[in-house]
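**Q** Can you make the complete structure from the sequences, with help from the hints?
Using mature numbering (1 follows the signal peptide of the UniProt record, and there is no 0), the letters of the sequence shown correspond one by one to residues -21 to -1, 1 to 431.
Derived from the structure by calculation, the hints contain no laboratory data. Honestly, I wouldn't trust all of these hints.
Think about it this way: if two alpha-carbon atoms lie no more than 30 Å apart in a straight line, the pair counts; the simulated DSS-like pairs of lysine-lysine are [said to hold, decoys possible]:
1) Lys227 x Lys212
2) Lys340 x Lys295
3) Lys365 x Lys287
4) Lys262 x Lys403
5) Lys340 x Lys262
6) Lys262 x Lys365
7) Lys287 x Lys321
8) Lys295 x Lys321
9) Lys424 x Lys184
10) Lys365 x Lys212
11) Lys58 x Lys321
12) Lys58 x Lys212
13) Lys227 x Lys58
14) Lys184 x Lys295
15) Lys227 x Lys365
16) Lys365 x Lys184
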Amino acid sequence: MKRIVQPALFMGLLFTLAACSNDTEAETNSEPNGNDSAATSNESESEAVTIRLHHWYNEEADNWDQVIAQFEEEFPHIKVESITPENNDANETMQQIDLAAASGDQLDVIMVNSPANYSQRATHGMFEPLNEYIEESGMDYGENFRVDTSVDGNYYALPGKYNMNFVMLNEDALNEAGLSVPTEWTWDEYMDYAEALTTGEGQNKRYGTFFHTWDDYVRLATFNQPEDSSFVKDDGMTSNVDSPLMRKSLEIRERGHEDGSATPYSDTISMSLNYRTEYFSEKAAMIMTGSWMINEAGGLPGEESTFKTAFAPYPKADEDAEITTPAGADFLTVYSGSDHKKEAFEFIQWYTTEGIVEQGKYLPDYLGADIDVVLDNLMESTYPDKVNLDSLAHTLETTLAADLYIPVPFINEVVTAYNNEVEKFLLEDQDLDTTIERADEAVQKVIDDNRN
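**A** As structure tokens, then:
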């Protein structure tokens, strides 16, 4: 994992001061006092320690109450206090955690929502290095988890929910077109499918595919690459816009416009089209999406899908490449200033390997999870008869996780500069070569302005 090279110094200072303050207090309170130490030890065995879990999920809807109750039953010496915002906003949660750290509030287990937020805070010392805890537990990290959370050789988190990308396909439409469910494919083959699945005219037209407005959809061919997977090369100094795979990404979009197999971008933005609605209303036969959609694949409660959904792996840029997916996770960390680091680690180790499976709401990163049990749990909130479970299991089992991409601190400026030019291309107001040339210059200028 790459290191953030320009951290926010002010927040880093707050993290460091808060952590040091709590560490000093913990050391003072833990000093032995002659014979009293034995009495204290016996007393502590009979008194449960309370740790705080900061996250952003809905406790009832996502079964957190059930998970915590189960943990406390198995670990009676530890109580867990769940702290989550009412609006379940992940970014707001991170802001609240930063303020709590600066104020010296009790923090123990912190869930982090993105590689950027995780890496930045890890390099500032907000999280406890877990290498020794992992070694003492006898756990082999690489044998247990897909996503590598190491930063400069240290693990600061165990991954909980696994986020991956794949393709959802209308299997009824595939059958009508005489197409099989792909077990692996390239982007060229994906667009061949899109063209074959396109049918009808006007209001009755069903497009072969729908590309949403997120940045992921203008870097489709680079998104799952092991190196240089975004708008800035891994060196953090050079624009990646004028690369073969970034060009390929825009060529994919261009083909969708030219052969009419993809919903026009102009319609997407003018009518605020949403990928869920376009897919389930059969306005698009395929969507590139992610694992958060698994428990919706057959429809939502009371809204059974009108067709069966199949799954296929994320398309490859090159036929000889491995099947890989852009990968992410929820990062379960231990606060470096916690007075209960051992207990906090006990919780995250249990949750990421056992609790998340029993919770039944997310796709676990844990490699030891029984895929059949996981899928059965995820299907409880949808209509399994409307899901091709074999294709889903194949996609999950054969897809490798690409390395985590840690963006440069000024990535939002980069994306804005890139999209300013690419939107002209998507609206067919600018040709491909001109778009790449101008976008490359604009992105490099942002990089240079931030590095100088």
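**Q** So, for every hint listed, does it hold in this structure?
**A** Hint-by-hint comparison with the structure:
1. Lys227 x Lys212: Within the cut-off at roughly 16 Å; holds.
2. Lys340 x Lys295: holds, 29 Å
3. Lys365 x Lys287: Holds, at roughly 4 Å.
4. Lys262 x Lys403: holds, 25 Å
5. Lys340 x Lys262: holds, 28 Å
6. Lys262 x Lys365: holds, 18 Å
7. Lys287 x Lys321: Not satisfied, since the Cα-Cα distance of roughly 47 Å exceeds 30 Å.
8. Lys295 x Lys321: Violated, at roughly 42 Å.
9. Lys424 x Lys184: The given pair, whose Cα atoms are some 42 Å apart, is violated under the 30 Å limit.
10. Lys365 x Lys212: With a Cα-Cα distance of about 41 Å, the restraint between Lys365 and Lys212 is violated, given a limit of 30 Å.
11. Lys58 x Lys321: holds, 13 Å
12. Lys58 x Lys212: violated, 45 Å
13. Lys227 x Lys58: violated, 52 Å
14. Lys184 x Lys295: Answer holds: Lys184 to Lys295 is near 28 Å, not above 30 Å.
15. Lys227 x Lys365: Answer violated: Lys227 to Lys365 is near 34 Å, above 30 Å.
16. Lys365 x Lys184: Holds, at roughly 23 Å.
Checked against the numbered hints above, the structure breaks hints 7, 8, 9, 10, 12, 13 and 15 and satisfies the rest.
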